[in-house]
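Asks: Chains A and B are the protein sequences, given in the same order.
The numbering of the first sequence is the working numbering, which starts it at 6 and goes up by one.
The numbering of the second sequence is the working numbering, which starts it at 751 and goes up by one.
Hints listed in this document are in silico derivations from the structure and should not be mistaken for laboratory results.
This structure is a prediction, so every number in the text was calculated from the model and none was measured.
Ranges of calculated distance between the beta carbons of each label pair, as one might list FRET restraints:
| id | chain 1 | residue 1 | chain 2 | residue 2 | range |
| --- | --- | --- | --- | --- | --- |
| 1 | B | Pro774 | A | Arg63 | 36 to 42 Å |
| 2 | B | Tyr770 | A | Pro56 | 52 to 58 Å |
| 3 | B | Ala768 | A | Phe64 | 50 to 56 Å |
| 4 | B | Val794 | A | Met60 | 26 to 32 Å |
| 5 | B | Pro771 | A | Gly130 | 52 to 58 Å |
Glycine included, each C-beta is placed from N, C-alpha and C at the ideal position.
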Amino acid sequence: MAATAPGLRKFALTAHVTSSVGLLGAIAAFLALAVAGLTDREILIVRAVYPAMEMIARFVIVPLAFAALLTGLIQSLGTPWGLFRHYWVLIKLLLTVFASSVLLVKMELISYAARLAAETTSSDGDLRAAGIQLVVHAAFGLLILLVPVILSVYKPPGLTRYGWKKQRASSHSILT
Amino acid sequence: MSIFTIARNRRKGMDDPARYPGTPRWVKLFSIAAGAMAVLVVIVLHAGGGLRHNMPSASALDDRTAPEGGR
Chain A
6 MAATAPGLRK FALTAHVTSS VGLLGAIAAF LALAVAGLTD REILIVRAVY
56 PAMEMIARFV IVPLAFAALL TGLIQSLGTP WGLFRHYWVL IKLLLTVFAS
106 SVLLVKMELI SYAARLAAET TSSDGDLRAA GIQLVVHAAF GLLILLVPVI
156 LSVYKPPGLT RYGWKKQRAS SHSILT
Chain B
751 MSIFTIARNR RKGMDDPARY PGTPRWVKLF SIAAGAMAVL VVIVLHAGGG
801 LRHNMPSASA LDDRTAPEGG R
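Chain A extracted, bound-state conformation:
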């Protein structure tokens, strides 16, 4: 376990909470735009929404996702929680890695929708199909990223086998 100074630990925690909650907010904004792009009857709004979504994804969501992942790694490795010792930390890591990977894969779809919207010759059917996918992905992303927030707040107990062995080893070393 790497021990970090309390000041640095607080800073890492602040950065982690800020990036994680900011990521949730950005995805909620993305979802609101995706729904507007799908449901609004005003063609100018529909054509404006998708480039805005691409900008939010590229310049806000992706950086925040990686900031949340990086600060989470720093936070867990610099505190007694560890990265693989507690199930709630491990599940948070897996969910964040999964969501970030899907986000990177779906950047192509987001760019595609933005390009379709910018074209005046593109059919509304293609844009609508892409819009439906974006709504579904944003909604699932929001749901998946709510789980780490809940886990962080409740911190449900449960050591992994590795964490249990580490705890036993440290207990023995204290006693002897």
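Position chain B against the provided structure of chain A, taking the given hints into account.
Replies: Okay, now just chain B, sitting in the frame of chain A:
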């Protein structure tokens, strides 16, 4: 946890058991839910022909939108 607490728990046989207590119930339930969700997503993807079924590649889109001045 202080050394006194650990020593007291050891005397009571509460701490440091010989065997791993096992995976918590909430982790098992979470795993089942995640597995069910993954199966559902795979079924939906296959039923819908895949998420990319109506998305042409970037090059295809570029071909479609190429200016006509090149002919």
